[in-house]
Structure formats: C-alpha cells, structure tokens
Amino acid sequence: GAVVSQHPSWVICKSGTSVKIECRSLDFQATTMFWYRQFPKQSLMLMATSNEGSKATYEQGVEKDKFLINHASLTLSTLTVTSAHPEDSSFYICSARMAASGRAGRQFFGPGTRLTVL
Amino acid sequence: DQQVKQNSPSLSVQEGRISILNCDYTNSMFDYFLWYKKYPAEGPTFLISISSIKDKNEDGRFTVFLNKSAKHLSLHIVPSQPGDSAVYFCAASSKTSYDKVIFGPGTSLSVIP
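These protein sequence lines map, in sequence, to chains A and B. Under this note's numbering, the first residue of the first sequence carries the number 2, and numbering increases by one thereafter. Under this note's numbering, the first residue of the second sequence carries the number 16, and numbering increases by one thereafter.
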C-alpha cells in the first residue's frame, strides 16, 4: 500500500515550452501533497505544499507563476513548469501524506521526474 | 542556511559491520526526525523516525539515537548488508509547521561485500 506514482518519469523539452508533471496517490487519499526539487548530489528542496481544493503554499524563492500547482482531487496533483529554461532542468519529486494521518503521518514519495530543458 | 546537516557525504562499510550515519540540526524547534533511504532515480522511502520525547527508536536492523542537548542524531544499521547501499537522508520537522520536512544533504552509504 501507500504507492505514489509520477508521470512522466523523464521528459526533454525545448526552452520556452511548458511541461506538466502528474503525481498520483494510487491506493490512498492524500489531502496534502508536496513538490520537491533535487539538484545533482544535493538535498531535496521543498518547493510547495498543495492541499486538495485550495491554493498551493510556495516556499520562499519559488516563483508561483513559473511553477503552477493544481491539486484538484484527493489523488492527483500536477506541477506545470511554464516557459521552461535550461536552469529548470532538475529532478522533481512529489510526495503525498495520507488524509487524517496526524503528526506522525509520513510522506510517501513518488519515483521522481527528470526534466531536461534544451 | 542549512538547518539539517549531514557532514559525511559518503561512507563505506564492510558487510556485516555496523554503519553509523550522523546528522546535526540547528533549529531547536525541531521535534520530529526521520530517516529516508533513496536509490538513484527513485523517490526516497521512509526508514525510521523518532520523536523528541524519546532518545532511541529501534526497528529491526535500524536504530536511531537522538541527543537533544547536542542537537545530534544518528542512524545505526547492524548488520550492514549490500542492499543497504543507498543515499540516506536525515529530515526534521517542527510542531509549528509539521507538514514541512527539512532534508539534510544526504550520505551515500556503500556496503562492501
């Protein structure tokens, strides 16, 4: 149980285009989903917290107009990288927290999406 | 400003021996700590956690020790197995924003057969 999927797993796009990444909780309902970014050999940096049915909360320094997050249902959140540039190339990972899981509720991570912007 | 630090980027251990991964934190508001394991091109998977009301938590081969006064925690793996080779992330959260988990930079563990 507690499986989180991401699609696509790998995407290459041209500079200036937009890319959408999907994050799904397959066997549980997730009221909260998180989007992280990981640069090579660095830690996971939280980009935003997304709650179902409401606007995402972005971390300081993350451009909300560039990284659009939608959490339309209890099992799906999407991250759209708009007008992507080479510096947006990174590994994007989502995680989901089970509904009513309380303080000790762990986050379950997706397998990540490798974005390469040419 | 790195709130969670893992000062050893890598560690090599012989199979069967103990692996000790260390983590230090600076934010005294942190009261819940987690360890995640990550293989290349995969998302992290949860290993073990500890609340600040405890100083030790054990789960099979994995034990986490917490020293609040030193703001230090460590993960012990005994005995180490080749399948334990991965990057280990220490993470922390606080009561005031428990949904927000701050990750350390990770330690790459290699268990040599």
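Note that these hints are calculated values from the structure, not bench results. Remember, predicted model here, so these are calculated numbers, not experimental data. Glycine included, every Cβ here is placed at the ideal spot set by N, Cα and C. Misleading hints may appear alongside valid ones.
If you want the footprint, here are the derived chain B segments under chain A, 3+ residues with CB under 8 angstroms [claimed, not checked]:
1) 51–63
2) 115–126
Capping the alpha-carbon separation at 27 angstroms, the derived lysine-lysine pairs in DSS-like fashion look like this [said to hold, decoys possible]:
3) 83(B) to 21(A)
4) 42(A) to 69(B)
5) 53(B) to 21(A)
6) 115(B) to 67(A)
7) 115(B) to 83(B)
8) 42(A) to 86(B)
9) 56(A) to 83(B)
10) 67(A) to 15(A)
11) 110(B) to 65(A)
12) 20(B) to 42(A)
13) 65(A) to 115(B)
14) 56(A) to 69(B)
15) 21(A) to 56(A)
Verification of the hints:
no.: 1; hint: 51–63; verdict: holds (count 7)
no.: 2; hint: 115–126; verdict: holds (count 7)
no.: 3; hint: 83(B) to 21(A); verdict: violated (42 angstroms)
no.: 4; hint: 42(A) to 69(B); verdict: violated (31 angstroms)
no.: 5; hint: 53(B) to 21(A); verdict: holds (24 angstroms)
no.: 6; hint: 115(B) to 67(A); verdict: holds (21 angstroms)
no.: 7; hint: 115(B) to 83(B); verdict: holds (20 angstroms)
no.: 8; hint: 42(A) to 86(B); verdict: holds (24 angstroms)
no.: 9; hint: 56(A) to 83(B); verdict: violated (36 angstroms)
no.: 10; hint: 67(A) to 15(A); verdict: holds (16 angstroms)
no.: 11; hint: 110(B) to 65(A); verdict: holds (26 angstroms)
no.: 12; hint: 20(B) to 42(A); verdict: holds (14 angstroms)
no.: 13; hint: 65(A) to 115(B); verdict: holds (18 angstroms)
no.: 14; hint: 56(A) to 69(B); verdict: violated (36 angstroms)
no.: 15; hint: 21(A) to 56(A); verdict: holds (17 angstroms)
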